[in-house]
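Protein chains: 2
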Amino acid sequence: MEKNYAVKQFGSWNNVEGKVFLGEALGLTGAQLSVQKLAPQEDAPFLHAHKRHEEVYLILSGKGEYQVDGEVFPVGEGTLIRVAPAGVRALRNTGDEPLVMCCIQYQAGSFGEADDFMVDGTIINEPVKW
Amino acid sequence: MEKNYAVKQFGSWNNVEGKVFLGEALGLTGAQLSVQKLAPQEDAPFLHAHKRHEEVYLILSGKGEYQVDGEVFPVGEGTLIRVAPAGVRALRNTGDEPLVMCCIQYQAGSFGEADDFMVDGTIINEPVKW
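Those protein sequences? They're chains H and V, same order as listed. Just so you know, we're using my numbering here: the first sequence kicks off at 23 and counts up by one. Just so you know, we're using my numbering here: the second sequence kicks off at 23 and counts up by one.
The hints are simulated quantities; they were obtained by calculation from the structure and are not laboratory data. Any given hint might turn out to be false.
One copy or two, it doesn't matter: identical chains are merged, so the pair holds either way.
[As the list claims (entries may be wrong)] Derived lysine-lysine pairs resembling BS3-like cross-links, with alpha carbons at most 27 angstroms apart:
#, residue 1, residue 2
1, LYS85, LYS41
2, LYS25, LYS151
3, LYS73, LYS151
4, LYS85, LYS25
5, LYS73, LYS25
6, LYS73, LYS41
7, LYS151, LYS41
8, LYS151, LYS85
Construct all of the structure, not just a fragment, from the sequences and the given hints.
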């Protein structure tokens with residue numbers, strides 16, 4: 023029987039090299055996920071938008087700038103950004119250290135009331151054994 | 023007009039306190055997202071599963087153990103885990119530092135061929151201005 027999980031271990035976020043798409047490796051069925059390391063002062067090569075996917079970016083380490091629809095704002099470790107499909111976006115590293123980010127995309131507008139995490143989640147009434 | 027983005031800044035992942043759900047704050051429309059800091063040696067209080075949501079966990083910092091369906095494996099900064107809805111899961115911090123994680127959940131099985139990131143994404147043919 024197929025396992026209910028898959029794991030990818032980088033050891034440290036700084037071990038990410040270039041841009042890596044992990045949807046296939048992790049067996050994702052409702053999202054795509056990438057991690058990317060930008061070198062110090064490395065600029066995004068292009069602006070992009072989406073047709074129907076909402077994106078969430080997490081800045082895992084480093085410092086940079088992000089822009090959506092021409093509005094530029096600072097980002098760094100601990101920043102989360104939600105971008106609607108139509109948002110025209112780019113990211114750059116403005117620091118002296120690598121910037122590592124994670125981007126996850128999924129269907130915009132696909133959540134309804136039944137998707138409240140308290141409704142979808144089920145607590146198992148058994149002690150946690152390690 | 024509503025902006026095409028929303029931002030949450032923690033400053034550093036270590037500034038996360040307890041468990042924080044960010045779906046509403048970020049205006050997510052197809053996912054729920056939480057970040058959580060577990061104190062050194064802090065154990066998960068319960069096992070849980072889901073009805074229709076796939077989850078992706080990212081270990082942002084620290085060291086711990088994760089379990090799915092009774093299989094336990096080590097995790098730490100740089101670990102990504104995909105868990106199918108039925109997977110019975112828990113996480114604990116086994117280290118001497120805080121463990122900070124991010125969990126994103128979305129509809130399992132909601133991606134089809136049109137959701138390839140090369141199909142859904144659109145490159146904007148304009149120079150990137152900062």
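Cross-check of the supplied hints:
{"no.": "1", "hint": "LYS85 - LYS41", "verdict": "both (17 angstroms within a copy, 24 angstroms between copies)"}
{"no.": "2", "hint": "LYS25 - LYS151", "verdict": "within (19 angstroms within a copy, 46 angstroms between copies)"}
{"no.": "3", "hint": "LYS73 - LYS151", "verdict": "between (44 angstroms within a copy, 22 angstroms between copies)"}
{"no.": "4", "hint": "LYS85 - LYS25", "verdict": "between (37 angstroms within a copy, 23 angstroms between copies)"}
{"no.": "5", "hint": "LYS73 - LYS25", "verdict": "between (32 angstroms within a copy, 17 angstroms between copies)"}
{"no.": "6", "hint": "LYS73 - LYS41", "verdict": "within (21 angstroms within a copy, 32 angstroms between copies)"}
{"no.": "7", "hint": "LYS151 - LYS41", "verdict": "between (37 angstroms within a copy, 22 angstroms between copies)"}
{"no.": "8", "hint": "LYS151 - LYS85", "verdict": "between (40 angstroms within a copy, 18 angstroms between copies)"}
In summary, the structure agrees with every hint in the numbered list given earlier.
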